[in-house]
Amino acid sequence: DTEVTQTPKHLVMGMTNKKSLKCEQHMGHRAMYWYKQKAKKPPELMFVYSYEKLSINESVPSRFSPECPNSSLLNLHLHALQPEDSALYLCASSQGGWDGRNQPQHFGDGTRLSIL
Amino acid sequence: AQTVTQSQPEMSVQEAETVTLSCTYDTSENNYYLFWYKQPPSRQMILVIRQEAYKQQNATENRFSVNFQKAAKSFSLKISDSQLGDTAMYFCAFMKVNSGGGADGLTFGKGTHLIIQP
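So the sequence lines, in the order shown, correspond to chains A and B.
Residue numbers for the first sequence follow our numbering, beginning at 1 and rising by one.
Residue numbers for the second sequence follow our numbering, beginning at 1001 and rising by one.
Do not take every clue at face value.
[Claimed, not checked] Calculated lysine-lysine pairs in the BS3-like style (CA-CA distance at most 30 Å, straight line):
1) Lys1073(B) - Lys22(A)
2) Lys1078(B) - Lys53(A)
3) Lys19(A) - Lys53(A)
4) Lys40(A) - Lys1110(B)
Don't read these hints as lab results, they were simulated from the structure.
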């Protein structure tokens, strides 16, 4: 079992729908991340939320918007997505501190998103 | 910006053999971390081993060890006594040290698909 929980595991939505992906961790980590992974490709960073500050990969379109209600939750709101947005969306968390021992990111199982 | 290169798209070895996966990277940063992650078909990304750039000693974790050559910007993974459960996609990843503390994202290589044959 993973310590980072992502829901739902699978999501199929139309291009006009609005949906949200949820990510939760209970390890007391101060940093959380969203990655997008296309088939047979490496994950690509979308957002970092660390110590209450959001960092955005500038290549991510505005139809993706992150929300951090509290330190253990990081949601990803989806609106007007395109077929090319179909991918595996991975959430991760880390301690976020200076100490190298705190740096490894722990990943969830991902949400498989399909856009019709 | 940094780049991570994995030059072996796929490798196949027999069970119990030793296999080495290569990774090179390019960065102007002096402080950073390097990681190997494993992603089996179940799709969960699992940390295999990590290396802090300021440490000269190569990291080891049971059957997994790295050969970290900072000057050459090389970070290879050696798997000893390979097992069927080692079959997975292996990603090399780079993360710079955030100058203000906090956290930074991972930059991944394209991955090596490792197949362990019975």
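Which earlier hints turn out false for this structure, listed by number in ascending order?
-> Of the numbered hints, 1 and 2 do not hold.
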